[in-house]
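**Q** As a plain string of letters, each chain reads:
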Amino acid sequence: MPTELSRREFSWVLGGPQGGGINASAEIYAKALTRGGLHVFANIEFHSNIMGKHSYYRVTAAPIPVRSHVDDIHMLVALDQESLFGDAAERKHYPSHTGHVHQVAPGGSIIYDADLKIDPAQFGRDDINLYPIPFFEVLEEALKQVGKGGQSRKYIVMRNTVALGASIGISGYDEELMFEAIRNEFKGRKAEAAEMNVEAVRAAAAYARSHFSVRPERRLAPVPVEQRKNRMLIKGFQAVGIAKLRAGLGLQTYYPISPATDESVYLEAKGPQYQCTVVQCEDEIASINMAIGAAHMGVRAATSTAGPGFALMSEGFGFAAITEAPGPVVFLWQRGGPSTGLPTRTEQADLQFALHPAHGDFPHIVVAPGDIEESFSDSFESFNWADRYQMPVVVLLEKFLASSLFSSEPIDMSKLKIDRGQIYQPADADGDGYRRHAITADGVSPRTLPGMPGGIFSTTSDEHDPEGHITEGVENRIAMMRKRMAKLQTAAREIPATSKFTLHGPRQADLTLVAWGATKGAILDAMSELEADGRSVNFLQIRLMRPFPSDAVAAILRGAPLTVLIENNYSAQLGALISEQTGVVLDHHVLKYDGRPFSRNEIVEGVRAALSEQRKEVMVSHA
Amino acid sequence: MPTELSRREFSWVLGGPQGGGINASAEIYAKALTRGGLHVFANIEFHSNIMGKHSYYRVTAAPIPVRSHVDDIHMLVALDQESLFGDAAERKHYPSHTGHVHQVAPGGSIIYDADLKIDPAQFGRDDINLYPIPFFEVLEEALKQVGKGGQSRKYIVMRNTVALGASIGISGYDEELMFEAIRNEFKGRKAEAAEMNVEAVRAAAAYARSHFSVRPERRLAPVPVEQRKNRMLIKGFQAVGIAKLRAGLGLQTYYPISPATDESVYLEAKGPQYQCTVVQCEDEIASINMAIGAAHMGVRAATSTAGPGFALMSEGFGFAAITEAPGPVVFLWQRGGPSTGLPTRTEQADLQFALHPAHGDFPHIVVAPGDIEESFSDSFESFNWADRYQMPVVVLLEKFLASSLFSSEPIDMSKLKIDRGQIYQPADADGDGYRRHAITADGVSPRTLPGMPGGIFSTTSDEHDPEGHITEGVENRIAMMRKRMAKLQTAAREIPATSKFTLHGPRQADLTLVAWGATKGAILDAMSELEADGRSVNFLQIRLMRPFPSDAVAAILRGAPLTVLIENNYSAQLGALISEQTGVVLDHHVLKYDGRPFSRNEIVEGVRAALSEQRKEVMVSHA
Amino acid sequence: MPETAAAAAPKKFSLQQYKTEVHVDWCPGCGDFGILSSIQQALFQLQIPPYKIAMISGIGCSGKTAHYVDTYGLHTLHGRALPVATGAKLANNQLTVVAVGGDGDGYGIGAGYFLNSGRRNLDMTYIVFNNGVYGLTKGQASPTLAKGLKTKSMPEASIQEGINPIAVALGAGYTWIGRGYALDVKSLVSLIVQAINHKGTSFLDVFQTCPVYNDLRTKEWYAGEDIGRTRIRRLEADPTWNPVVSDPLSIDEIVEKKTRALHASYETGDNLAVGVFYSIELPTYDDQLATKMPALKEHPLVDLPLYQRDVQPLFDELA
Amino acid sequence: MPETAAAAAPKKFSLQQYKTEVHVDWCPGCGDFGILSSIQQALFQLQIPPYKIAMISGIGCSGKTAHYVDTYGLHTLHGRALPVATGAKLANNQLTVVAVGGDGDGYGIGAGYFLNSGRRNLDMTYIVFNNGVYGLTKGQASPTLAKGLKTKSMPEASIQEGINPIAVALGAGYTWIGRGYALDVKSLVSLIVQAINHKGTSFLDVFQTCPVYNDLRTKEWYAGEDIGRTRIRRLEADPTWNPVVSDPLSIDEIVEKKTRALHASYETGDNLAVGVFYSIELPTYDDQLATKMPALKEHPLVDLPLYQRDVQPLFDELA
Ligand SMILES: Cc1ncc(C[n+]2csc(CCOP(=O)(O)OP(=O)(O)O)c2C)c(N)n1
Ligand SMILES: Cc1ncc(C[n+]2csc(CCOP(=O)(O)OP(=O)(O)O)c2C)c(N)n1
Ligand code: SF4
Ligand code: SF4
Ligand SMILES: [Mg+2]
Ligand SMILES: [Mg+2]
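Residue numbers (our numbering), protein chains in the order written: chain A, 1 to 623; chain B, 1 to 623; chain C, 1 to 319; chain D, 1 to 319.
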C-alpha cells in the first residue's frame with residue numbers, strides 16, 4: 001500500500017565520472033527544488049579516487065517532508081556509459097557497481113548523452129522512457145546565444161548544466177526556479193558564468209520539450225508560491241561547523257581525512273572572521289594533543305576525524321580524561337571500516353570503539369546525533385559537557401550525514417546556552433589553597449585559566465594527588481578513581497532526557513524499532529509504510545551512548561512486545577551496548593554493511609523479512 | 001575457621017628503597033625456600049622511580065600449594081624507616097603508603113636495622129616481636145671472615161644479605177639451603193661474591209640466634225628431603241618468553257614500557273641462540289607495523305606492550321585484521337590505568353579496550369591466561385591461532401603475573417603442537433590462479449610465503465577484492481566482510497573448550513565466583529576459606545574473551561543460584577562482557593582498583609561483605 | 001652504471017612481468033605515472049625476480065603504486081610504509097624491499113619513521129612521491145610546500161616552512177640520499193637502480209607533479225617555461241660533484257660530503273638539484289644481525305628451522 | 001646579554017617562587033638536577049611571572065621536571081610534549097611556553113613532532129634532556145646513542161646509528177638551535193634565557209649525565225679526565241663563530257650559516273660543540289595567525305569574546 005510520501009516523492013539521480021562536476025550540478029538542482037517549496041533530501045556516493053571513477057548524486061524531493069531516499073529512480077541522468085551499465089565488463093571478479101538502469105522505476109525516465117549512441121535495446125527495459133540528448137550540440141547552441149559559439153570544448157563541463165536543463169524540461173519543473181538557483185550560485189565575478197548556464201538550461205529544456213512527446217509518469221511541480229517556506233539546504237558538516245562556532249570554539253585541529261575534512265575546511269574558511277583558529281596538524285596524535293593543550297589553557301577545543309584518525313587518538317583520549325581536561329570534543333565522522341576500509345562510504349561501525357577508546361577505566365561522553373538539528377544541538381552541548389564535567393567528549397557522526405543535503409527550516413538556537421562549568425576564583429594571588437583535582441562530591445573540581453595569578457596548577461597523565469603531582473598511594477588512588485568516575489554520574493543526572501533518547505511514535509506499540517545516528521531519517525520515513533502492515537510502530541532512537549540511559553531504555557524495551565534493531569554495521573554494535581547495559585536482547589537485527597546508507601525501502605523490507613521469516617538477523621543491500 | 005593453608009603458610013616481607021637491591025635478595029630467599037621443598041609465591045610492589053622510593057617484596061611459602069598472598073605478615077624485614085612507618089610524615093595530603101608495621105600479624109616479627117635507633121614504643125604494638133639487628137656491625141664481622149674487614153662501606157649493598165641471614169636465624173630455617181641459593185646465584189666469576197654473601201648470612205643468623213631468645217610463633221621449616229620436588233621459580237614474563245620461543249617466534253618488536261619490557265629484555269638475552277630477532281623500535285606504532293610486515297612475510301611475529309603502547313597500536317591492529325595477516329600476537333601486559341596511570345602497578349582494566357581495539361568491524365582473538373601454565377599454553381597457541389585464522393591475537397596479561405614468582409613443576413609441553421595453518425601450493429610459477437583473499441566457506445584463504453614463485457599477492461588496508469586490489473563494490477564488500485568475520489566462527493568452533501574457560505570446583509555450587517586473569521591464584525586459594533562459611537563454592541574462570549564462549553557461559557551462569565564477579569578494576573569489565581554476550585547480569589561485584597593485586601583475604605572479605613550486606617558492588621583495598 | 005650492463009644481457013623477466021592488469025586510477029597527466037613506470041623499468045633492468053620483491057606503500061594517491069607493480073605488495077597505512085617494510089625485510093632478508101609513499105605520508109604523519117629508519121640502515125629503498133600536496137584528500141598543503149605558497153586547492157597560503165627532506169635525511173643518517181624528477185624517467189630509472197643496488201637504506205625523494213591540485217609546481221614550472229630554462233639542475237653535470245664517501249671511517253670526509261650535500265639541498269627556487277646527494281657504505285642492520293645470528297647469512301629468517309627449539313635449558317636456568 | 005641587565009634590576013619574583021615543594025625523585029647525581037636548576041634560574045632572571053608560564057613535559061625521568069617548577073604545568077604523554085605545548089600556545093599567546101622532555105621522548109617516539117614543530121615556528125622553547133638512554137624504563141639505548149656503544153644497562157652494543165639532533169633541527173627549520181651541558185649550569189642558564197627570548201621556536205639539546213644507566217657519557221667523560229682536557233668545546237670561544245643570520249631574506253647567508261652549523265654539529269667524539277648553532281628571525285606562526293585575526297595582537301585567544309557569535313550569516317549563505 002503506497003504511503004503519501006511514496007506516491008508524491010520524486011527521485012532523481014545524476015551519475016558521472018568523479019571530478020566531472022556532478023556535485024555542483026546536483027546541488028544547483030536541489031536548490032531549485034528547495035526554492036520551489038519542496039522538501040529535499042540529497043545524498044552522494046563516490047569512490048576514494050580523485051578523477052574518473054563512477055559517482056552519483058541522488059536528489060529526492062516531495063511536497064511533504066522527506067529525509068531518506070528510495071531505491072527507485074524516477075529520473076536518471078547519465079553523463080557516461082558507466083552510470084547506465086556499471087563496470088562489470090571491465091572488472092574481472094566483482095564489479096564495483098552495476099549501473100543504475102535496473103533501479104529506474106517502471107514509467108521512469110533516463111536522460112543520457114545521445115552521442116554515446118546506445119542502442120535502446122541495450123537497456124533491456126520496455127517500461128521506461130529514454131531521452132537521448134545531444135549534450136554537445138545543445139551546449140553549442142546555448143553558447144551561441146551568449147556570443148561564445150564554437151567554444152563548447154572549453155566549456156565542456158557545462159554538459160552537466162545541459163543535463164539539468166533536460167531534467168527540468170522533461171519533468172516539467174519551473175525553469176525560472178532553476179535560473180534563480182544558478183544565479184545564486186554564480187554571483188559577483190561569476191555572473192557571466194551564471195548567464196551562460198542559464199542559457200544552457202533554457203536550451204536543453206527547450207530541446208527536450210520539442211524533441212520528445214512522451215512525458216514521464218511522475219512529474220515534479222513546485223508547491224504553490226504562498227505555501228513555500230524559506231528553507232536552507234544544509235549538509236551535516238555545515239550544521240556541525242556552525243554549531244561549533246556558535247558554541248565558542250577557539251581551536252579546531254585536524255589532519256585531512258575523509259569524510260571529516262569537509263567540516264575542517266569549512267571552519268578554515270569561516271573561522272577567521274569569528275576568531276576561530278584552525279590548524280592542519282602533522283597527524284592525528286598531534287591533533288588531539290594540541291586540542292588537549294588548548295583545552296587545558298581554557299579555550300574550547302575540538303578535533304575532527306574519521307576512524308583511522310580516531311585510532312591514533314586513543315592515547316590522547318586517556319590523557320585528556322585522567323588530567324580532567326575540559327575537552328577536547330572529538331568529532332568522529334564514521335566511514336566504512338575496518339582500517340582504511342571504504343574511505344568515502346558510510347557506516348556506523350565505530351560505536352564500540354568510541355565507547356572504549358583507550359586502556360583503563362576513565363570517564364568520557366559519547367553522543368550520536370541523528371539529523372541536522374540534533375547534530376547542531378549535540379555539537380553545541382558537547383562543549384558545555386566538556387567544560388562542566390572536564391572530560392573528553394565524542395560526537396559520533398557519519399559520512400552519510402556529513403555529505404547529505406537536507407532542506408531545513410531555521411535551527412532554533414534559543415535554548416542553547418553557553419555553560420563553561422566551574423571556574424575557580426582564587427582568594428589570593430599566591431593561590432596556595434588551590435587544588436586542581438580537589439576531591440568533591442560530584443567529582444568536579446573547579447578549574448583555573450592558565451595565565452591568571454593564583455591559579456597555578458600542575459597535572460599529569462600519571463595518577464596524581466589533588467594538587468596534580470604524581471603519587472602512587474592507595475588511598476589517593478581510590479579517591480581519584482572515584483572522583484573521576486563520579487563525574488559520569490553527575491553528567492548522567494544533569495543531562496536532560498531529551499538529549500539521551502527519543503521514543504518516536506506512540507509510547508506503546510506492537511513493534512518497536514531501535515536505532516541510532518543517521519538511520520533516523522529513513523526509519524522515520526519508513527514507519528508509516530510499516531504501519532500499513534497492520535502493526536502499530538514506534539521507534540526508540542538512542543543518542544547518548546555514554547553515560548547510557550540504562551534504566552529508561554530498559555523500561556521501554558522490557559515493555560515492548562517485539563523489537564527490531566536497525567544498524568548500518570555488521571555486528572549490531574548498539575545491540576551489544578543495550579544488552580551490556582540492560583541485559584535486554586533485542587528480537588531481530590536488520591543490518592547493512594555494504595558501505596551505503598539505508599534506503600527507506602531497505603528498512604521496510606528488512607524489517608518485514610525479519611518478522612515474516614522469523615530471522616534473528618537480516619542483512620539488506622539493494623545498492 | 002582457619003584453613004590448612006592459612007595455618008601453615010609463612011608470609012615474609014622485605015621492604016626498602018628502590019634500587020637498593022631488595023629484588024635480588026628476596027629472590028635468593030625465595031629460592032632457598034623452594035629448594036627446601038616449599039611452595040612459594042612471591043610478589044613485588046615498587047614505584048615508577050629509579051632510586052629511592054619505597055618498594056617491597058613479599059614471599060609467601062607453605063608446605064602445600066600457595067598461589068596468593070595474605071595481608072598478614074609473619075616476618076617483616078625493614079631496610080629503612082619508611083618500610084616500617086610509611087611516608088605520611090613527609091607528604092601533605094595523601095601518604096603514598098603507611099608502612100608495614102600494622103600488617104604484621106600478632107605474634108609476628110620485625111627485623112630492622114638497630115642503627116635506626118627506633119624506640120620500640122614507636123611501633124605501638126605489644127603483640128609482636130622486635131629484632132633490631134646492627135646490620136652494619138654484622139656485615140663488618142662477616143667481611144672480616146673473608147679477609148675484607150673494614151670494607152663494609154664498599155659492600156654496603158650486602159646489608160640486604162645480612163637481613164636475609166637474620167630472617168633465617170630467627171625463623172629457624174635451614175641455613176644450608178640459603179647457602180645453596182646464594183651459590184647458585186653467584187656463579188663463575190662471581191664465586192667470590194658468593195662466599196662473602198654466605199658469610200654474611202652465617203654471621204647474621206648466628207647473631208640473631210645468640211642475641212634474641214624469643215622465637216616468633218610462626219616458624220618455617222623445609223619439607224623432609226624425600227618429599228622435596230624439583231620446582232623452578234618462574235615469573236610470568238619468563239613463562240611467556242619461553243613459550244614464544246617454543247612456538248617459533250621469529251621477530252619480537254617492542255618499545256620499552258613497564259611492565260612489558262622484562263619480557264622483551266628476556267627475549268633479547270635468550271633470542272640470538274634461538275635465531276629469534278628482537279628489535280627495539282622507535283615507538284609502538286612502529287612495533288606493531290614491523291610485526292605485521294614480518295607476519296605477512298611468513299614469520300611468526302609478536303610485540304609486547306602495556307596499555308599506553310597498545311593505545312598506539314589501534315591503527316595497526318585494524319590493518320592486520322583487514323589484510324588478514326597471520327598475526328601479530330600482541331602481548332598486552334596490563335598495568336594501572338588510565339593513561340600513564342600507575343606504570344608499575346597492576347590492574348585488569350584493559351579488557352574492554354582489547355576487545356574493541358580499533359574502528360570498524362573486524363575479527364580478532366583475545367585470550368587472558370590466569371597463571372604460569374596458562375600463560376605458557378595460551379602464548380604458544382596464540383601463534384597457531386594467528387596462523388590458522390590469519391588475524392591478530394591479543395594475549396592479555398598483568399603486571400602482577402609478569403613480576404610475581406611462582407614455584408612451579410615442569411610445564412607439560414607434550415600437547416602443544418605447531419600448526420602454521422593453510423599454506424597455498426602454487427600449481428605453476430606464474431601463480432595466476434592465486435587469490436590471497438579467496439572467498440571460502442570457513443573464511444580462511446590459504447596464504448603464500450613471499451619470496452616463493454607463484455605466490456605473488458597484493459593486499460591493502462582498503463577494502464579489496466579476492467586478489468587484494470582495492471574495490472568499493474557492494475557485492476564484494478559483503479562477501480569480504482562475511483569471510484573475514486566467518487573466521488571468528490571457525491575459531492570459535494575449533495578452539496577447544498579447555499582453552500575457553502574452566503569451571504573450578506563442583507559443577508553446581510551454592511556460590512559461583514566469576515573472574516579472569518591472574519586473580520585466579522588468590523581465588524583458588526580463597527575457595528576453601530569461603531566454603532568454610534557453609535556454602536559450596538565453584539569458580540568460573542573465563543580465558544577466551546573473543547570469540548566468547550557465550551552459550552557455555554550462559555548455561556553455567558543461568559544455573560548458578562548466586563554469582564559474585566571478582567575483578568581487579570573499577571568498572572567490572574568482564575561483567576559487562578558477560579552481560580553483553582549472554583544477557584546475564586551477575587549478582588555481586590567485588591572490585592579492587594588501587595593498583596595492587598588481590599590478597600587472598602581481600603577476596604574472602606569482599607565476597608563475604610557482598611553477600612552478608614547484600615551489596616551489589618564491594619570495593620576492597622587492604623594495601 | 002649497472003643498468004647499462006644489465007640492459008645488454010638477455011632478459012629472463014619481461015618488462016610486462018613487472019606490471020599488473022589493475023586499472024591505474026590516477027588523474028590524467030599525474031606525475032605518478034612517470035614514477036611508476038620508472039620503478040617498473042628499474043626492476044626490469046635489475047632483473048630481480050618479481051616474487052623476490054616486496055613493494056610496500058603508504059596511503060595516498062602514491063600508495064596505490066603497490067597495486068600496479070606485479071610483485072608481492074602491501075598497501076599499508078598512512079605513514080607506516082617504513083615500519084612495515086622494515087618488518088618485511090627482517091623476516092626475509094633475501095627480498096628486495098621497496099617502500100613508497102607520498103610526501104604527506106612520509107614527512108608528515110610518517111616523519112618519525114622517516115627519521116628513525118635512517119638510523120637503522122636496513123638494506124632497502126624508500127621512494128617518496130613529493131608533490132607538495134595531500135593528493136588523495138584533495139590538495140591540502142603537504143610538509144614540503146614552502147611557506148607563503150598557496151595552491152589552487154588551498155583557501156590560504158601556507159604559514160609554515162616547508163621541510164627540507166634531504167637535510168633531514170642527512171641528519172637521520174641515511175646512507176644513500178638522492179632526488180629525482182617524475183617526468184625525467186630516464187634519469188629516474190637510473191636513480192632507482194642505484195638506490196636499490198645500494199647496500200643499506202637508500203632514500204629517494206622525487207619531485208612529482210599533481211596537475212589537479214598543485215598548480216604551482218607544474219610540468220611547465222619545472223621546465224622553467226617562465227624563465228626560459230629548466231629549473232632542474234643535475235648534480236652529476238657538475239664535474240666536481242662526488243657524493244660518495246670513499247673512506248667511511250673518515251669523519252672528516254663524511255662531514256665534508258654531508259655539508260656539501262646540505263648545501264646542494266638548499267638550492268631551491270630556480271635551481272632544484274637532482275641526482276645523488278650522498279652515499280656511504282656502512283654495515284647494514286641486516287649485516288649486524290647476521291653477526292649475532294650467523295644462520296641469517298645463509299638463509300632468511302623465514303626459512304630457518306624455528307619450530308623445533310629446545311627450550312629446556314631455559315627452564316633449567318630457573319630451577 | 002639580557003640576563004645581565006635583568007640580574008642587576010631588583011627582582012619582583014624570588015628564585016624560590018619558581019620552585020615547588022614537591023620531592024625531586026631523581027637519582028643522586030643525576031644531570032637533570034643541573035637542568036632543572038638552570039630552568040628555574042633562567043625564569044627567575046627573566047622575571048616572567050610564574051603564572052604566565054606553562055611548563056609542558058613528556059614522560060621519562062626528564063618529564064618530572066614540570067612538577068618541580070612552580071608554574072602552570074602539564075606533564076603529558078611520552079613523546080607528545082610538543083603538540084600539547086603548541087595547543088597551549090595557540091590558546092594563549094601571552095604565555096611563555098617551555099616544552100621539556102627526554103631524548104627518547106623527543107627523538108624517538110616524538111620524532112614526528114620534533115620535525116614538524118620546527119616548521120611551525122610558534123614562539124616557544126623546547127629543551128631536550130639528552131642522556132643517551134631511556135632513563136625511566138631502565139637504560140635502553142635512546143636514539144642519540146651512537147652505534148657500537150654499549151652502556152652497562154644494555155645487553156649488547158647498539159647496532160643503529162645515533163641521530164644528530166642538531167642536523168635534523170636544521171633540516172626541520174628551527175629558527176634557534178642550541179646545545180648545552182647539564183653540569184655547566186652557568187652557560188646553560190644563559191642558553192635557556194636566549195632560547196626563551198628568541199621569537200620563534202627555539203630548540204635546545206642538553207647533554208645530560210645519567211649516572212645510573214649511562215656509564216659512558218659520564219661527568220668524568222665530558223670533563224675529559226681520560227684525555228686530560230674537557231670534551232666540551234664552546235662555540236662562542238671561536239671568535240669567527242656567528243650563528244645569527246643577519247639578513248633573513250638572504251638565502252645565501254642562510255645556507256652558509258646552516259652549513260656551518262651542520263659542520264659544528266658533527267664535531268663529536270672528543271669535541272662536543274655547545275652554544276648557539278643557528279639563529280634567525282622569521283615571522284612566527286603566532287604573528288601570522290595574528291595577521292589573519294588581528295584581535296590576537298591585543299588579546300590571547302582565551303580572552304577573546306568567542307561566546308556571543310552571530311552565526312546567522314552562515315545560515316543565510318545556505319538559504
Ligand atoms: C591515519 C590516517 N589519517 C588520515 C588519512 C587520510 N589520508 C589518506 S591519503 C592522505 C594524504 C595523502 O597525501 P600524500 O601522502 O602526500 O600522498 P599523495 O596522495 O599526495 O600521493 C591522507 C591524509 C588516513 N588514511 N589515515
Ligand atoms: C606510549 C608509551 N610508550 C612507552 C612508555 C614508557 N616510557 C616511559 S619513560 C620512557 C623513556 C624515557 O626515556 P627518555 O625520553 O629518554 O627520558 P629519560 O627518562 O631518559 O629522561 C618510556 C619508553 C610510555 N610511557 N608511553
Ligand atoms: S590528485 Fe594529484 S597526485 Fe593524485 S592522482 Fe590526481 S594528479 Fe596524481
Ligand atoms: S635513571 Fe638516570 S636520568 Fe633517570 S633520574 Fe636516575 S640518573 Fe637521572
Ligand atoms: Mg603528496
Ligand atoms: Mg633519555
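If you're looking for bench data, these hints aren't it; they were derived computationally from the structure. Idealized CB from N, CA, C, for every residue including glycine. Watch out, some of these pointers could steer you wrong.
[As the list claims (entries may be wrong)] Computed list of lysine-lysine pairs in DSSO-like fashion (alpha-carbon distance at most 30 Å, straight line):
id	chain 1	residue 1	chain 2	residue 2
1	D	K199	C	K292
2	C	K147	B	K270
3	D	K199	C	K147
4	B	K154	B	K117
5	C	K219	A	K53
6	C	K219	A	K270
7	B	K187	B	K229
[What the hints assert, rightly or not] In silico negatives: residues of chain B with every beta carbon more than 12 Å from chain A:
id	residue
8	Y94
9	A105
10	G124
11	D419
12	E475
**Q** Next step is simple, just say for each hint if it's right about the structure.
**A** Consistency of the hints with the structure:
no., hint, verdict
1, D:K199 to C:K292, "violated (49 Å)"
2, C:K147 to B:K270, "violated (51 Å)"
3, D:K199 to C:K147, "holds (17 Å)"
4, B:K154 to B:K117, "holds (23 Å)"
5, C:K219 to A:K53, "holds (25 Å)"
6, C:K219 to A:K270, "violated (33 Å)"
7, B:K187 to B:K229, "holds (23 Å)"
8, Y94, "violated (3 Å)"
9, A105, "holds (20 Å)"
10, G124, "holds (20 Å)"
11, D419, "holds (26 Å)"
12, E475, "violated (5 Å)"
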